[in-house]
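Peer 1: Same order as they appear, the protein sequences are chains G and P. With the first letter of the first sequence counted as 1, position 154 gets the number 154 in this note's numbering; the numbers rise by one all the way through. With the first letter of the second sequence counted as 1, position 272 gets the number 272 in this note's numbering; the numbers rise by one all the way through.
These are calculated hints, taken from the structure and not from any lab test. C-beta: ideal position from N, C-alpha, C; glycine also. Where hints are given, some of them may not hold.
Derived pair list, reagent style DSBU-like, types lysine-lysine, alpha-carbon separation capped at 30 Å [said to hold, decoys possible]:
#1 P:K92 with G:K187
#2 G:K187 with P:K252
#3 G:K53 with G:K187
#4 P:K137 with G:K92
#5 G:K60 with G:K13
#6 G:K13 with G:K53
#7 G:K189 with P:K252
#8 P:K92 with P:K17
#9 P:K79 with G:K189
#10 G:K119 with G:K53
#11 G:K13 with P:K17
#12 G:K189 with G:K13
#13 G:K92 with G:K119
#14 G:K187 with P:K79
#15 G:K119 with P:K92
#16 P:K17 with G:K140
#17 G:K13 with P:K252
#18 G:K144 with G:K60
#19 G:K189 with P:K92
#20 P:K137 with P:K172
#21 G:K187 with P:K17
#22 G:K53 with G:K189
#23 P:K172 with P:K252
Take a look, some chain G residues computed to stay more than 10 Å from chain P by CB distance [to be verified]:
#24 K13
#25 S14
#26 R192
#27 V283
#28 Q352
Stretch by stretch, here's where chain G covers chain P in the computed footprint (C-beta under 8 Å, at least three residues) [stated by the list, open to error]:
#29 73-83
#30 105-116
#31 190-204
Chain residues, written in single-letter form:
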Amino acid sequence: MTEQYSPLLELIKSRLREFYREPAIVFWVFGFPLLMAMGLGAAFRSKPPATPKIALIVQKDGAVSQENARLAELLLHSPRLTIQQLAQAEAKQKLARSQIDLIVSLDQHGATYIFDPKKETSPQARLLVDQEVQSAAGRKDVVKTRDQSVTEPGSRYIDFLIPGLIGMNLMGSSMWGVGYNLVVARKRKLLRRYAVTPMRRAHFLLSYFLSRSLFLSLELTLLVSFGVLVFGTAISGSLLAFVCAALLGAAAFAGISLIIGGRLDNTETANGWMNFVQLPMYVLSGTFFPYQHFPQWMHPAIEALPLTALNNALRAVYNEGAGLTAILPHALVLLAWGAVGFIVAVRTFRWQ
Amino acid sequence: MNAPIVCRDLVKRYGDKVAVAGINLEIRAGICFGLLGPNGAGKTTTVEMLEGLHRPTSGSIELFGLRYGSSDEQRIREKIGVQLQETQLADKLTVSEVIRLFRSFYDRGHSVPDLLRMVQLEPERDQRFHTLSGGQKQRVALATALAGAPELLFLDEPTTGLDPRARQVLWKVVEEFRDAGGTVVLTTHYMDEAAILCDEIAVMDSGRLIAQGSPRALIDSLGQVQFVEFEVAEAQAGFSAATLQGLPHIQKVDERRNRLRLTIARDLSALSAVLDVLAQLSVVPRGLTTHQATLDDVFLSLTGKELSDD
């Protein structure tokens, strides 16, 4: 009887063990969002602009003029063009099949550009070739110009996606990890078994809160560092604001899931409710694409959803350098959801 | 010292349905008390009220002079250990982790190694709960109930579905607990379990206690009787149970399905006289058995139902 046991510590340890000894859950919480980020990141990565493909025809009715031969030689060797010399028939066929964007036909009258002006890359091809043709003929640029490229992190699709994935992941893991977990424990009559011990209810709830917070920090670290290492994304705003937004988001979803998990002892029904609550937010809340694509009249409703608030807050911090005050409106939405959830749950919670 | 359990006029209603219809109990310290009855008799509801899981519709419960729903409740919880029906403890935890978790809820109690020894699960200490057999799981549940070194132990059908060997192991743990001065409240629908473990028995049917006493006293309440049971071939259509009623030596005739059961005096001459009577009536008794009165017979005579009928 000398050994001392801390109930809170033992409860937390149990919750951690139940988690990491369930490989499927570990995958859904940690592996799945990474795969999602990788897959979507690869699909929507910024590609180098397509270079227009050009065919060159040199008309041979009579002798090829020396001038045209020189021009053809110049175009074929230009480092700025992807160009090949083809027979007329073949070139026409390729143009029809969209395998090339432009045909340059050289004859005694000069150059003729044959292209479909509605095809995206064709007018650009025409400009490129014309530039070469004209400067070969001696045209000089009259204004001096410089290029400045803007490709720094913050404006790419992956920059939009990563905070959204973090938000979605927080929603999933908080809801399944708290509400659904309670339903399972109630179904297994484990809650009523606890209820007949001297276990403090506060310890029990605290163990959920603390173990969720621990997982939360792991999830965040993993996804954020994945973004940094693989896609070069970074949190541009206040780290404190980021953590606060994440914590409030997790608390909001834990609260909502407590309403579902407060009474049910049937996992199928709980499963249905979980999906019923989450699925609309996957679509509406701007995880994969901006919710501004939806009609204007829907925006107030969408912005009241907790995942929208969380995504907006995370994105503001991530990409727009926001701090605590800037995310306050979103934080209030999350706080309201969490508070409503906890208040309802406290009134309806059943140990058996 | 206050009795471990005193309850008065205990009633539990669920809507129109009366699960427990007014029960008075006083359970002394240091005994194993059995609450017997068929499924639906109200045993589990009664026990779960005593465990503080349900509030009674009316009536009072005192455990060690303390009441639920007051500041005493935590003190009661420290003093009792509970094994519920069909609790599935955390599958992914090992035996010793589960026991350690429950031990941590109590201010005082046995050490985890002691608990493992008590329920004979030392070899399985690092096995995950879901890999255990039914009997081993029940012993883990028993260890969690014993974790706080309780003075009062509730066991709700602890051996239902277990094989004979597993039941015996469990009985031994319960006997040791009782012999060390602990009080046990046990529900069961196994007569043999009640006969072996219980010092005192209360029989429950339709929400009421219909008899109470030691197993011996309950059996003796039937009088000095024994039972003869047999089946009668269908060919003897002319014969009916009523023919036997009122014959000498036969005190009572019960008919269940096609099996007859005669209650006769507990001596050899009565038995041979009854067999003679059957021969005179040309009754060919099939599968004839005789036995001394058991708790099953007590239950049958009290309720007209067999205890093990589910």
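Peer 1: Tell me, in ascending order, the numbers of any earlier hints that this structure violates.
Peer 2: The structure conflicts with hints 2, 3, 4, 5, 6, 7, 8, 11, 15, 16, 17, 18, 22, 23, 24, 25, 26, 28, 31, although it agrees with all the remaining ones.
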